[in-house]
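**Student:** Now for the letters of each chain:
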Amino acid sequence: MTVAQHRSKDTVSPQETQDGRPKALVLVVPELCKGCELCVYACPSGNLVLSHSLNKKGYHPAIFSYEGTQGPCTACGICYWVCPDLAIWEVRRLKK
Amino acid sequence: MTERVLMKGNEALAYGSLNAGLNAYFAYPITPSTETPETLAREYGNPNYPNFRVFLQAASELEAVNMTLGAACTGALAMTATSSPGFSLKQEAISYAAGMEVPFVVINVNRGGPGLGNLGAEQSDYFQTVKGGGHGGYQLIVLAPNSVQEMFDLPRTAFDLAFKYRNPVIILADAFLGQLKEDIHAVPPGNGLTRDTSWATLGSENGTRHILNSLHLDPDDQENHERHLHEKYEKMRDEVASETFLTDDAEIVLVSYGIASRISKNAVSLARDQGLRLGLLRPITLNPFPYDLVRILAGQGKKLLVVELNAGQMVQDVRLAADGTGRVEHLGRLGGNVPSTKQILAKAKEMMD
Amino acid sequence: MVQIQDDYETKLGQTTGWTGIPTHYCPGCEHGILTRLIGLTLEEMGLLKKAVMVDSVGCSVLAYDYFNCDHIQAPHGRAPAVMAGVKRTHPELIVFTIQGDGDALAIGLLETVYAAIRGEPITVFLYNNSIYGMTGGQMAPTTMPGQITTTTPYGREVESTGNPIDIMKILSPIERVSYLRRGVLVPQPVKAKHGLMYQVKNILDAKRIIENAFKVQQKGGYAFVEFLGTCNVNWKMTIEESKHYPFDQTIKQYPPGVFRDRFGVEGKIL
Chain Z
1 MTVAQHRSKD TVSPQETQDG RPKALVLVVP ELCKGCELCV YACPSGNLVL SHSLNKKGYH
61 PAIFSYEGTQ GPCTACGICY WVCPDLAIWE VRRLKK
Chain V
97 MTERVLMKGN EALAYGSLNA GLNAYFAYPI TPSTETPETL AREYGNPNYP NFRVFLQAAS
157 ELEAVNMTLG AACTGALAMT ATSSPGFSLK QEAISYAAGM EVPFVVINVN RGGPGLGNLG
217 AEQSDYFQTV KGGGHGGYQL IVLAPNSVQE MFDLPRTAFD LAFKYRNPVI ILADAFLGQL
277 KEDIHAVPPG NGLTRDTSWA TLGSENGTRH ILNSLHLDPD DQENHERHLH EKYEKMRDEV
337 ASETFLTDDA EIVLVSYGIA SRISKNAVSL ARDQGLRLGL LRPITLNPFP YDLVRILAGQ
397 GKKLLVVELN AGQMVQDVRL AADGTGRVEH LGRLGGNVPS TKQILAKAKE MMD
Chain S
450 MVQIQDDYET KLGQTTGWTG IPTHYCPGCE HGILTRLIGL TLEEMGLLKK AVMVDSVGCS
510 VLAYDYFNCD HIQAPHGRAP AVMAGVKRTH PELIVFTIQG DGDALAIGLL ETVYAAIRGE
570 PITVFLYNNS IYGMTGGQMA PTTMPGQITT TTPYGREVES TGNPIDIMKI LSPIERVSYL
630 RRGVLVPQPV KAKHGLMYQV KNILDAKRII ENAFKVQQKG GYAFVEFLGT CNVNWKMTIE
690 ESKHYPFDQT IKQYPPGVFR DRFGVEGKIL
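Going down the list, the sequences are from chains Z, V and S. With our numbering applied, the first sequence covers 1 to 96. With our numbering applied, the second sequence covers 97 to 449. With our numbering applied, the third sequence covers 450 to 719.
Derived by calculation from the structure, the hints in this document are not laboratory data. Treat the hints with caution; some may be incorrect.
Distance windows between CB atoms, simulated [said to hold, decoys possible]: (1) S:640 <-> V:317: 44 to 54 Å; (2) Z:52 <-> S:608: 44 to 54 Å; (3) S:606 <-> V:293: 46 to 56 Å.
Listed next, the in silico BS3-like pairs over lysine-lysine satisfying Cα-Cα at most 30 Å (straight line) [stated by the list, open to error]: (4) S:460 <-> Z:96; (5) S:650 <-> Z:23; (6) V:260 <-> S:498; (7) S:656 <-> Z:95; (8) S:460 <-> Z:95; (9) S:640 <-> Z:23; (10) S:664 <-> Z:57; (11) S:664 <-> Z:96.
Cβ coordinates follow ideal geometry from the N, Cα and C atoms, glycine included.
My request is simple: use the sequences and hints to build the entire structure.
**Tutor:** Now the structure itself:
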């Protein structure tokens, strides 16, 4: 199981949010996730990590945070395409 | 065709199916059933049979029956004919159709067996056909014609029953009947049957998905499904059909189906001329089997002589029905040989003492 | 406060081609990716309501729980024959199946080849993972020489069992085939400066291949698509190890590519 080092909230730059709102969101359904970690490694900015807790099936589901290890989420959708359990339910971005 | 026509048994199966509104036929040649697909191949495109949309020769018996299965899943009237070795190959698909509750018709023109056997008439597929030759606990409706007229009439009954019960139906003929030529009364083509196909996989336009499967991994689901099937098979017993000939005052009743019943009927007439009181019970549905009628006849103290072209198969059902109340004997010929009326009478006389 | 409804638009959403029922596939198995891709494609092309999926026997056997369309279960290996029966009586329906190595290339090889010979307008997706997955890891027609499986515990010997089948070589000479395509469903592992990363270009290509395969059926042609996938459980590998194997080994035996494209659906080179 991986543990990602999240950057401290203090270092988030103004360009990475809009009025304090994340520019992109990934909705993960924890009960569908089987903890395969493909999304964790596929995400270019390190926004997904496996949770310490377990879902009902006994897997550590992936959880999303806007501030990833390599930068903020850009709604690239790579996690969505790689997820074999359709647990990455939606990728959303802030409307312009 | 409204006049009387001279026709071969296998051709009658073809024309009877066309008149019943056959939509799709998938063929594989095997003696002695091949005339059925050959006739249909010739009639494909005949404007008298607008419902006959698909004719295809498949590359194997398996391909043919599985295409029939697919077509039947769309609610089409689909059929395939074969003979004993091919019927063995088709068992898996028939089992699936029974489990999925899909109506289709398979014709088995029984020939000599086991193995490659020969091309003569036998009734040695009785167990396989009537008791369900594929895996799992299912039942089929089995219709047994004994004349070219019945080869013409029974396909319509077969499709009616198949759709009524959402179950595969088998027409069990034999090599003799397949080749026999008799004049028949051929009814004009019908418009095709009206039947309920709300279960068919024709797309999910109105939001309801149609799923035809036989897999139920949960034990309770599978048990409930099988119980449902067996309740259906109980209801299917209403369709039992048989013919009796001079059984009321008979001392010995011959029990016989298919071509053997034609000889048995002649034996009964011959016996009566000699003052011997013989009768005939001819099951037309082998499943559901006329157990009740046999039980009644045995209960009246009549002896039963089962005449069939095998070493003893339907006789077991007759014994089951008679339930120890009387004498049940068997007379069989094999390999394409048939008993003569003399042989039957000799055996009957033996039983009378 | 994040107000999801008004502030955000959905860039990538869940597909109505999937019923929402959680899948039984092993963690990391590309069958799940294939489920999403086919579901999205049928939805986008407006084919869901006319689609009839034939469920083959293998890891895709429970497809009736996952794909939001009509389903017919076929006996092992017989899906192409069942699909032909459906399509010939009702040509307006879109029929497709997902078959494993054994279903399409062992027990069902005759049905596969004859559907191609006749050019039946059906769509077949073959999930090739060089092993029999559902039954617990036995040798498949596509198993590599020397590969260890439960029925070749000392490695596959070609002297006794023959060489792996390349179905594209068998089908490509057939006259009436319209679309033969091999793709890779596996996310490609690459070394990024911060460690392991997966690229999904193959998966996006696979989606286009699936669209092509259905377009070909709409044009009345036979489409056979083979996707290389993994089976980490029966290969006895971690998920990560299993993602390397197809790129290191499998594509040498089974190179991806276009083997027939009668209608020119592969507009540009992927």
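**Student:** For every hint, state whether the structure bears it out.
**Tutor:** These are the hints, each one checked on the structure:
Taken as a hint, the range 44 to 54 Å holds for the pair residue 640 (chain S) and residue 317 (chain V), whose Cβ atoms sit roughly 48 Å apart. For residue 52 (chain Z) and residue 608 (chain S), the Cβ-Cβ distance of about 52 Å falls inside the hinted range of 44 to 54 Å, so the restraint holds. The given range of 46 to 56 Å is respected by residue 606 (chain S) and residue 293 (chain V), whose C-beta atoms sit roughly 52 Å from each other. At roughly 13 Å between alpha-carbon atoms, residue 460 (chain S) and residue 96 (chain Z) fall within 30 Å of each other, so this suggested pair holds.
This hinted pair checks out: residue 650 (chain S) and residue 23 (chain Z) have alpha carbons roughly 24 Å apart, not beyond 30 Å. Between residue 260 (chain V) and residue 498 (chain S), the direct Cα distance comes to roughly 27 Å. Compliance with the 30 Å bound is thereby established for this hinted pair. With a CA separation close to 27 Å, the supplied pair residue 656 (chain S) and residue 95 (chain Z) stays within the 30 Å bound. Distance restraint check for residue 460 (chain S) and residue 95 (chain Z): the Cα-Cα separation of roughly 10 Å lies within the 30 Å cut-off, and the hinted pair is therefore satisfied.
For the proposed pair residue 640 (chain S) and residue 23 (chain Z), the alpha carbon gap of about 27 Å is at most 30 Å, so the pair holds. Proximity of residue 664 (chain S) to residue 57 (chain Z) is assessed by CA-CA distance (about 39 Å); at most 30 Å being required, the pair is judged violated. Under the criterion of a C-alpha separation no larger than 30 Å, the hint pairing residue 664 (chain S) with residue 96 (chain Z) is inconsistent with the structure, at around 35 Å.
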